[in-house]
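Chains as they are written, first to last, in the working numbering: chain A, 1 to 203; chain B, 204 to 700.
Mixed in with the good hints there might be a few duds.
As the list claims (entries may be wrong) - No more than 25 Å apart at the CA atoms, straight line, and that leaves these computed lysine-lysine pairs for BS3-like:
(1) K316/B / K506/B
(2) K119/A / K506/B
(3) K651/B / K680/B
(4) K507/B / K120/A
(5) K120/A / K680/B
Said to hold, decoys possible - Chain A stretches covered by chain B per the calculated footprint, using a threshold of three residues with CB under 8 Å from any CB of chain B:
(6) 30-38
(7) 95-103
Derived from the structure by calculation, the hints contain no laboratory data.
Every residue, glycine too, gets a C-beta built ideally from N, C-alpha and C.
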Amino acid sequence: MLFTKFGISEEKINKSKLLLFFVLIASAIIFRLWQSTGCTAYLVKQFKLSDVTLSVESERIYEQNPNSIEAKIFNNKLTTAPHLLAEVFTSYFEPRYLLNLIGPIGTITVTIGVWTIIKKRSKKGLFHLAAISLVILYLTFQNQKENHLIALISLLSLSAWSKSFFVENKWNITLLIALFIISIWYFMITWHLPQICNEIIFK
Amino acid sequence: MKSFLNSKFVLVLIVLIAFVLRFYQLGVVPPHLNWDEASNGYNAYSILKTGRDEYGNFMPQTFKAFGDYNLALSVYTLVPSIAIFGLNQFAVRFPSALLGTLTILVTYLLALKIFQNKKIALLSAFLLAIDPWHLQFSRYDHEANFMVFWSILGVTTYLYGKRSQKGLVLTAAFFGLALNTYHGAKIWIPLILILLAVTNFKSLLKFRKKLILPVVVFLIFTIPIISNFQNSLIRGQSVGIFSKKDFLQTFISNYLSHYNLNFLFTNGDSIGRHSVSGMGELYVFELPLVLAGLVFLIHQKEKKWLLLLWFLTAAIPAALASPTPHALRALTFIPLYPMFASVGFYQITKIRNNYFKQAILTTLILIGSYNVATYLHLYYIHYPRQKALDWQDGFRQTMDYIKNIEGNYQTIAISNYYGHPYIFTLFYSQYPPDKYFGTKDGENGFDKYEFFGASWGKTKPGKALLVTPMWQSHAPKVLKNIYSTDGDLRYVISETE
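Just chain B, same shape as in the assembly (with noise of 0.2 Å):
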């Protein structure tokens, strides 16, 4: 009893640091949202006002966003969360850094079933918990996410409840919660189901007729992809290699990158938003548990094969598309390195040579220390810098500045340089949706909003705000110049009569 009151008290405490690194300063770093979020948030405020998407279609199954066709869930996701804290930054983070510390606690929850240990379940919640991959998804908001939380719950439902029909009919809702969340569930929950029959094929056969509940349940929820294939399609088309003419060669190439100890350890993702520079995917403390994990599960006489085929499945939705190594879409890796790390410091803590022991463990536990704190200081200091471009900031700035005096003018055009200013102004102007529906023009324009490419040339009689990149031709009498938060001029605003 006293033993699970403390395994108890030490995972609230895990949880607590798990909630703290996810919501710190969550609306201010990273430094402005791209414009994906804009859009979810967006679409998200226009459904709570007016039960219709920005292009006024009704609760919609999937949302068409730049042509991407998101799936459902990813976007009423964030309606309670808009409502309860506004259409801002942080209230569009807010359920990817919650959903992300749910996380920990259901990986404590698989773990603890994989290994019957609860000194490696807590371990894996805490290493996920302190996770720079978790943590840099956890706090902004992606579909891959919630993707990632369903389908963990999905697999940990299944392992508790696996003898019941109550639990199966469980882990189908979840596994079709996480089908409708992000493109890439198509591929990855169809694997991991394939990978959980193959696992438990003798305990399956058992049930005979009681499955035909759950397939039901998981089908009711393919209906929404099933009805809108075709759209669904779009998305898988731009990023896939499919159509590539040596797709075996790339998709080889693709799958082996997500194993690249550079990607893991030491670089990470080339695309900015995925990783702070100078780190990998994961600490570098945690390579030699990781692989000392590895190789004590490959050992043992009784094999977690979930794990091991998980791992070696968990690369391939990835692999269908480019470039590679993609962190985001990889996501499928999340609780594995920390539960092989786990697996792998525990057994160091079984080595019978005592000052041995002592050595490896107060080494790794300083040079952990060490990478953690490295971490948060590229995190909170270097990133917003470092990658202010990658997260389209200098938009919520301008509108800041804006917001106050558009009453001014009777034109207000915007150069689109950046892409999508339509959905940035929507979102920090908090546009009300159903006076956009009839006043918009396409990604041109809405309202006195004007959108234009290489030049602007005025359509309305009246005073117009000029809002143009630095090198852009603009009106002679500047008003404010916009910086970035890496200090980069980013706009120039300027005013013509």
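So that you can see chain A by itself, here it is in the shape it has in the complex (with noise of 0.2 Å):
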């Protein structure tokens, strides 16, 4: 209204605020990623064959009787198999990991992003849901130093879904320059990253 008022428009009022908007997030994430790179050794979140047969074999040895049907039918590689990948692929979206990786800005606009797909039932936001799932599924075989870096866009790429929410009215874009604020002191009591590195050397 007040802009309104000095003869700037709608549309340019909705253009800077959906500007602001991607900038706050771009810029709490850039600066995650600054301070990622002090990182020297990543946590590993894979999973792999090996684990499988070790789980197996470290269970077994709780049974009666090892070699019994019963033990093959509770303790097998068929369903350990997809226990142990169902665990790697969900601490990908474990709140803590998110919170860590993506910060309080980038949990909450994912989070609403999430909302705005189921509630609004978006064809397009669910592909987008269903393409995450596939990147997020390939991490879980891969071991490399980029799988957190692949996470990140990955995730925060469904921050797009809340653009609407923010831009609605000025209580929301002030939420969002919150939000930055509290990200950037959370990045800044956390700049050891404890979900994502295991060892780093502070800048």
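Using the hints, put the two standalone chains together into the complex.
Okay, here's the thing in structure tokens:
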């Protein structure tokens, strides 16, 4: 209202809000990425077939008769493999990990993004979610430094669905600015990236 | 009428299933009492025999135990059970299993009131009856399980009786009882009361002066808490995060950890007693149902705000302490996941495409049956061996042996390496409480029993029996090796002249 009084059109205001939305999220994440350059060893989240064998064998020792049919029904590679795979897969969606990776601003914008997709039952949105699930599934088999980076970009892309919520009114854009400030503070106090990094040099 | 009878029959069947799952081998699995169970059990026994706790306090409002100052109801609830069944593992766990079974019935009534749908209510009750999270804690004596029962009963009574003063008085009494069960209730009960007030603000306003009586009733129940407030802070100080420098960061991190899918569906709690290894707190087949249920509840025009806000606040009490995620302190979630899953399941049954619906339901039932069978197998076969040490297993077997020969010895010296041996000795020897008051020397010993740390030195003449872990030095004449359920050598019993 105030701006339209000064002759600035509604459209321009919305465009600038949208720009602010992307700038705030991008700057918070760039700050986090800069922090992560100090990381010399990343925490590994990887599904390995050897872990399946190990898990089955370590559980079998608690059987009354490790070679019985009962033991084989409840301790086998066929059911242990999807269990361990799900464990690694879901760890990418762990709230604490998300908070550490993309901060409060990313976590909340992604949550609102997913909420928007579900609420609107958007086909594009559901396709987006499915595509990200595939990317994360791919990552569960990889052991590379870039895993966290790919996860960050993929998951953060969901926040785009929250843009309409944040540019809707001045209170929501204020909330976004507050989230940005909180995120920077949060990144400062968790500079050692506890859920991401094994060894870090403070810059 | 016919459908009512049918649902009644199904409910009885569900409660029966819950009963069997909670009572089958209750005294044997978990394999041993942990020291808190032994302490609650012996204090209840002492109250029964003398009206006093182990420290000689007459009908106390809080039980000092190991300095935790447990709330009164956690111990008094055990008294009738011990009076009937005697002082043994089954008797100590009986109230927990009984209230656990009754929780199924109360959850049915709660779900029926909230959803106004018998199928959802029955399914909620069934899913809770087989719920690994609830089963785990219904099968051992812990006051948090009592709190869950009384608080769910409080919410249910409120929803049914909120239009009458009588209903509100009963609600206040149930919440008051919940408050006197467990330390965590001091955070959870005010929270759930605020939730009820917020979600029923208009109906509460109508009462005005009539609210005074329920408030007074609730305040009466707070007297033991207020009069022992200083003591009740002790437990909070030892596990709480209030004194941490990074309180806010820790709180947020702790809070979020309870919504971690790995905690819920694949790994469970890291504390051995809290879940079986290789499973989450819930079954994997419930994951899509819970998600579908949540999505439906969010979408619904008439939002079930009580459930949604309950879901968001249930992690708060657990988040204020460490470690997290903590399945025990997060028992506040207990009725929610079965209800969400039931709503999800009900929505699936409404899918129009019959083939698609049948395919989904068949898959879910197959995976679900395998999940339940796996849990029961892990619980009854793996868990007693895998987690024997978490249950301080070995002491009962030691006492079973000592009981027969103790008359031959002037001193029985027991190593305190595994913690609080005095309480296990009292419990498993069923030592008369009135005799204990006169001979005890703190945790150092009583009567002919002596408890020692790194090494034991003879103080009295005559023969002595020495109970030590295998690695600790013992007398040359070994009488018996005590093995725990996992097959490990736990104690060596030796004799010295």
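Item to check | Enumerated hints in conflict with the structure, sorted upward | outcome: 5, 6
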